[in-house]
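Residues per chain, in single letters:
Protein chains: 2
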Amino acid sequence: MTKRVYNFNPGPSTLPLDVLKKVQADLLNFENTGMSIMEISHRSPEYDKVHNDAIALTKELMGLSDSYKVLFVGGGASTQFAYIPMNFLHKGKVGAYVDTGTWSAKAIKEAKILGKEVHLAGSSKDDDYTFIPKSEDINFPKNTAYLHITTNNTIKGTQYHFVPDTGQVPLIADMSSDILSHQIDFSKFSMIYAGAQKNLGPSGVTMIVIKENMLDKIEDEIPTMIDYRTHASKNSLFNTPPTLPIYIVKLVLEWIKDQGGLSVVETINRAKKDVIYGLIDDNPEYFRGPVRKDSRSWMNVVFRLPSEELEQKLVSEAKKAGFIGLKGHRSVGGIRVSLYNAMTLEGAEKVAEFIMNFRKNN
Amino acid sequence: MTKRVYNFNPGPSTLPLDVLKKVQADLLNFENTGMSIMEISHRSPEYDKVHNDAIALTKELMGLSDSYKVLFVGGGASTQFAYIPMNFLHKGKVGAYVDTGTWSAKAIKEAKILGKEVHLAGSSKDDDYTFIPKSEDINFPKNTAYLHITTNNTIKGTQYHFVPDTGQVPLIADMSSDILSHQIDFSKFSMIYAGAQKNLGPSGVTMIVIKENMLDKIEDEIPTMIDYRTHASKNSLFNTPPTLPIYIVKLVLEWIKDQGGLSVVETINRAKKDVIYGLIDDNPEYFRGPVRKDSRSWMNVVFRLPSEELEQKLVSEAKKAGFIGLKGHRSVGGIRVSLYNAMTLEGAEKVAEFIMNFRKNN
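As you go down the protein sequences, you meet chains A and B in turn.
Just so we're on the same page, my numbering is the position in the first sequence counted from 1, plus 161.
Just so we're on the same page, my numbering is the position in the second sequence counted from 1, plus 161.
Pulled out of the complex, with its shape left as it was, chain A reads as follows (with noise of 0.2 Å):
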């Protein structure tokens, strides 16, 4: 059997051993049933167990209280760009988003697509994406329906280090790459999405949370599967929901509960970006981080050698030394480390002596 490597993929990314093993284990025979996990009804009492696990999960791990509610969801959260704007983006209302790279941008887009009013309340595009405006720096008008931000940047690594004051105007929020990977007052949120496939499992389930009030903002007719209504009212079994995925992500949530929470979980996320970002401080000549200082990502630390040969030379090298995924996105280049949740410690140290040997070497 091949040893597992160290695996720094973007997304889908690494997921925790133990998740692993216990999917593995339980496979053909969930809870003594007779049935895999994907062969038994999503209306029967042992999945309904594992479905509503995953949502009481999420609440204490968030600390909410049931004034939220927790949904699960096909399609990825690209497809919520839209179906938010449909659900919330009312005649004479503004949507208000905040431009922090290639996520909010295609957020934008999508609102646009639907002819709808949209504010850009901040922007860091000038800059190339560097850094997260500052909360002063974000504006919007008073006809604002929420205010849309995009709370990490898989590609230009930059993240949100604080939570944007909008008063009595909805924020809402793509999570999908730095969600439950650190404390944060989650109940400032209207509505939190993420796809699952960086921090909570597999892809193929896109977690939402929304705040019940959020709910009667939705005026219009539309779809059933568009509107959260749906979802909200039918504890997401309006439909068949992705039982599988979901059963995952239950572990996983389970796992960051066991490992004492977020609290524990951002002691150790810390930890591991500083050991890459200290690694970029203190050789300064050698690597080249692009990203203004209070606006780097814990998830993925984006940095450049001193030329692209090397860079390829470092991404092939560490993939031959068993750590996969350091390349950077295609659309920028460069070196990129993620660390979500799953990654140990342990990795995010054997890599940066990797990358400490390569800078010796070459």
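Simulated from the structure, these hints should not be mistaken for lab results.
Heads up, the beta-carbon is just placed ideally off N, CA and C, and yes, glycines get one too.
One or more of the hints may lead you astray.
As the list claims (entries may be wrong) - Partial selection, computed: residues in chain A whose CB lies under 10 Å from chain B:
hint, residue
1, Gly172
2, Leu181
3, Thr385
4, Ile387
5, Asn400
6, Leu405
7, Arg491
8, Ser492
9, Gly495
To be verified - Chain B side only, calculated, beta carbon under 8 Å to chain A, not exhaustive:
hint, residue
10, Thr175
11, Pro177
12, Ser202
13, Gly237
14, Ile274
15, Ile316
16, Gln329
17, Val330
18, Leu332
19, Gln358
20, Thr385
21, Met386
22, Pro406
Fit chain B to the known structure of chain A by using the hints.
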């Protein structure tokens, strides 16, 4: 270890044991990558092969040329009920639907929510959906954009045993519950869609088979993830697809091919349904099959016993004996024996034997 049960669940439903064993064996280390299939990038060569193999196998099993695209998306077939009119129902055009039960009615409802013009091309509603309208009873106006049918109706237990001749009008079919279960001229369809969780794999992925010329009929600018052109032009890799469910679908498609393809699968499915319908027909004083013989589903055999008490007793005793999922849909009651591809002939024979013994004792 608990013995594997005979699983007659209507969906999610039984999967081939060989497929589950393969998923289990390779779960921690896919193709010697040192990673799970869930952890590898959707843009890696390893996943790419899985993805493209699934597409090629679908076309091969369906006997379709390169004028068709095979797409994999999330959200379930219910989501397609809205996406189809959003893509194809332009001003001045009519969506024609044959209403054969719950799923057809839901598809019609979504087109109406969108304010689209709907034509009822045929219906068996007045006879409690106990049959499929004949081809000559299906009619639609000249400005019809498409005729939509539901080829198998899981709740009422009916199935099309012919393909409606629509001439130049595109034929669109929801095949969620009978896709790849028998031989059929798939080239008569302009679009086929199916949630995976009956004949194809786990829930969480929807297969769409679409004729390329349908893509030219999409006129409006609609949200990116709703637009079939997005998924067709990006080979369903515009965003992260549900990679784990697609991988399992690929294994199921290989299993179908290894069995000998659709001709062999059809032979087995015919034998399975004959066993159960034979039971009903041979004991008309005890079992009552509400469905017209020419419209009987091979996938979902529904019937009644002399009383609801006996029905409950049968379901309960069957469960104890290891036959799961025989309860009819909550909206109709009675007994339902679902015989999707992965149910073996042995399973059908064993449950028939059990039901006959029940009949003798009750």
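Verification of the hints:
1. Gly172: Holds. Min distance 7 Å.
2. Leu181: Status holds, d = 5 Å.
3. Thr385: holds, 6 Å
4. Ile387: holds, 6 Å
5. Asn400: holds, 4 Å
6. Leu405: With a closest approach of 5 Å, the A/Leu405 hint holds.
7. Arg491: holds, 9 Å
8. Ser492: violated, 13 Å
9. Gly495: violated, 17 Å
10. Thr175: Cβ of B/Thr175 sits 5 Å from chain A, so the hint holds.
11. Pro177: Violated, about 11 Å.
12. Ser202: With a closest approach of 5 Å, the B/Ser202 hint holds.
13. Gly237: Interface hint status for B/Gly237: holds (5 Å vs cutoff 8 Å).
14. Ile274: Status holds, d = 5 Å.
15. Ile316: Result: violated, 13 Å to nearest chain A Cβ.
16. Gln329: Nearest chain A Cβ about 28 Å off; hint violated.
17. Val330: violated, 23 Å
18. Leu332: Since the shortest Cβ distance to chain A is 22 Å, the answer is violated.
19. Gln358: holds, 6 Å
20. Thr385: Holds. Min distance 6 Å.
21. Met386: holds, 4 Å
22. Pro406: Holds. Min distance 5 Å.
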